[in-house]
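Chain by chain, the residues run as shown.
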Amino acid sequence: MRKSNLKDRKLKKIGIIFFSILGIFWSLFPVYWMLKSSITPDNEMYKLNPSLFPSKITFIHYKDLFTQTKFMTNFWNSLYVSIFSTAIALFFSIIGSYAMVRLRYKGRLFIKNSIFFSYLLPASVLFIPMYIMASKVGLGNNKNALVIVYQTFIIPYCCYMLMSYFVAIPKAMEEAAYIDGCSHIQALIRVILPIALPSIAVVATFAFTLSWNEYLYALVITTSPSQQTVTIGISNFKYSDTFIWGLIMSSSVVASIPAVSLYMLAQRFLKTGLAAGGVKQ
Amino acid sequence: MQNNLKSIERKLGYTFSFPILFLVFIIIGFPSIYTFILSFTNKRIGYPYHFIGIKNYVDIFKNPVYWRVLSNTIIYTFVCIIIKLMLGFAFALLLNENFKGRGFVRVAMLVPWAIPGMVAAHTWRWMYNDQYGIINAILRNIGLIDNPIPWLSDMKLALIAVIIVNIWRGIPFFLFSILGGLQTIDSQLYDAAKVDGAGIVSRFLNVTVPSIAPVLTITTLLSTIWTFNDFDNIWLITGGGPLNASSVISTFTYETAFISNQMGRALAVAISIIPILIGLMFVANKLLSREDK
Numbered sequence: 322m323r324k325s326n327l328k329d330r331k332l333k334k335i336g337i338i339f340f341s342i343l344g345i346f347w348s349l350f351p352v353y354w355m356l357k358s359s360i361t362p363d364n365e366m367y368k369l370n371p372s373l374f375p376s377k378i379t380f381i382h383y384k385d386l387f388t389q390t391k392f393m394t395n396f397w398n399s400l401y402v403s404i405f406s407t408a409i410a411l412f413f414s415i416i417g418s419y420a421m422v423r424l425r426y427k428g429r430l431f432i433k434n435s436i437f438f439s440y441l442l443p444a445s446v447l448f449i450p451m452y453i454m455a456s457k458v459g460l461g462n463n464k465n466a467l468v469i470v471y472q473t474f475i476i477p478y479c480c481y482m483l484m485s486y487f488v489a490i491p492k493a494m495e496e497a498a499y500i501d502g503c504s505h506i507q508a509l510i511r512v513i514l515p516i517a518l519p520s521i522a523v524v525a526t527f528a529f530t531l532s533w534n535e536y537l538y539a540l541v542i543t544t545s546p547s548q549q550t551v552t553i554g555i556s557n558f559k560y561s562d563t564f565i566w567g568l569i570m571s572s573s574v575v576a577s578i579p580a581v582s583l584y585m586l587a588q589r590f591l592k593t594g595l596a597a598g599g600v601k602q
Numbered sequence: 139m140q141n142n143l144k145s146i147e148r149k150l151g152y153t154f155s156f157p158i159l160f161l162v163f164i165i166i167g168f169p170s171i172y173t174f175i176l177s178f179t180n181k182r183i184g185y186p187y188h189f190i191g192i193k194n195y196v197d198i199f200k201n202p203v204y205w206r207v208l209s210n211t212i213i214y215t216f217v218c219i220i221i222k223l224m225l226g227f228a229f230a231l232l233l234n235e236n237f238k239g240r241g242f243v244r245v246a247m248l249v250p251w252a253i254p255g256m257v258a259a260h261t262w263r264w265m266y267n268d269q270y271g272i273i274n275a276i277l278r279n280i281g282l283i284d285n286p287i288p289w290l291s292d293m294k295l296a297l298i299a300v301i302i303v304n305i306w307r308g309i310p311f312f313l314f315s316i317l318g319g320l321q322t323i324d325s326q327l328y329d330a331a332k333v334d335g336a337g338i339v340s341r342f343l344n345v346t347v348p349s350i351a352p353v354l355t356i357t358t359l360l361s362t363i364w365t366f367n368d369f370d371n372i373w374l375i376t377g378g379g380p381l382n383a384s385s386v387i388s389t390f391t392y393e394t395a396f397i398s399n400q401m402g403r404a405l406a407v408a409i410s411i412i413p414i415l416i417g418l419m420f421v422a423n424k425l426l427s428r429e430d431k
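As given, the protein sequences belong to chains E and H, one line each in that order. Numbered according to the numbering used here, the first sequence spans residues 322 to 602. Numbered according to the numbering used here, the second sequence spans residues 139 to 431.
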């Protein structure tokens, strides 16, 4: 009995090590390959039998990226669009979620449901309507159109997350504020916001990455490099059908840095379980 | 006084939810209805249009390419979801164990989710490259193949190639949702099952699975909706090719609208899948509102 237990435990340990290595390799190899390709000289990159490790390291792709291309413009555009769309969405989502969770008025449930359905409404269905709307209101090929269009997925996402956080805050705290003569708005600012601030920061982080990573709307709405974001900028590094892999890989590395670092910061604070499932893959 | 307070609350409620209503009805709703109407026209970018009734719908339903694309979409969604669910579950069980280095494995396995989707797509496209790609190089070096595999230009392989990338990106979503569920299971349940003489398999089936069943359903459903509508991945890796072999509804819509310049018809394609989507959404809404209680 004891012996078999020991054997079981050993087997389990081997299993854990095996699957851990498998998981790490599977998850990180493509990332390694992107990094490796971004510092590999062209003559070594376009070889029939690429080696796993670079024999020579070069930063020429990065140098080209920053000096020869419009990538930095795209980068600033992405930053502009992500910051503004997140800030706007956050403001409206905070007051909206507060109202839906705490205030009593007719039609609340209807609004909640409509947010949920917008949350699930995919870009693949909405991209033509959004494209047509942007051109109709004179915002075709304008990065500000993205700030507006991104609200269609950031606001539902933020509301969905914030409502679950706000509901968890004990009502007694606000009631004490009301007795002290606070209005609803004061209760929101002085009681709810301070308590929810860490969760709001997490939601903001994910909202930022959602808009940073967006591709389809940016593809149809913006057409000139001065308005395009990084997701489009990277795909532009090709001559007709020939891809310039050095530039694509180095720009991919640069474009991943903000999203990955924010993710890593925020994931520690992420509420586990269902709320964790809120972020689109 | 009481009435007055209630009316203030009501007014504030409407004021605060007004931006959301504006978003849902004006920014999303109005263009959606407008484009629904356009799906009954022969709209092209830069040309005047007129109504042609349901011709767009008749045309796409008669087009064998449409059915090919729809079946690709269903295969893509189904295969991706099954494998993501199984692997996500397996790795969640792994990370639910206590072992040295768990923190590192956890962070490593989160990376594919954190990487922007189009970056993942480009990187995989490069790895799939038939001449210079690392995947063929590795397979050749360990002696599995003699000639390079044309991952992205083979009619049969292209869809598999994009499925693999979607799985790579999607496992962490399942992993972390399921892991969250696993961590809420009361360990006394396991102890009780052990006392009753239940083995590992029986404990898994009778304790683990039922305890996290709600998380499993909702995670699967949300991911089904997103996988069904995946665009970046397929568009940037194969462009839907070769000859629509890996084309799905979203890429087909884009191609019809912006490359063939048949906006009206593209809208008919996009609208044709709305019944499927609405079905999935209603189920999701039912499940999630049950979860709230």
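It cannot be assumed that every hint is accurate.
[Unchecked claim] Keeping only pairs whose Cα atoms sit at most 25 Å apart, straight-line, the calculated DSS-like set for lysine-lysine is:
(1) E:427 with E:492
(2) E:384 with E:357
(3) H:200 with H:294
(4) E:357 with E:368
(5) E:357 with E:492
(6) E:492 with E:384
(7) H:332 with E:334
(8) E:492 with H:149
(9) E:333 with E:559
(10) E:333 with H:424
(11) H:144 with E:427
(12) H:149 with E:328
(13) E:427 with H:294
(14) E:333 with H:238
(15) E:334 with E:357
(16) E:368 with E:492
(17) E:391 with E:368
(18) E:357 with E:328
(19) H:294 with E:334
(20) E:331 with H:200
(21) H:424 with E:328
(22) H:294 with E:492
(23) E:427 with H:424
(24) E:331 with H:238
Don't read these hints as lab results, they were simulated from the structure.
State the violated hints by number, sorted upward, taking the hints as numbered earlier in the document. Violated: hints 5, 6, 9, 10, 12, 13, 15, 16, 17, 18, 19, 20, 21, 22.
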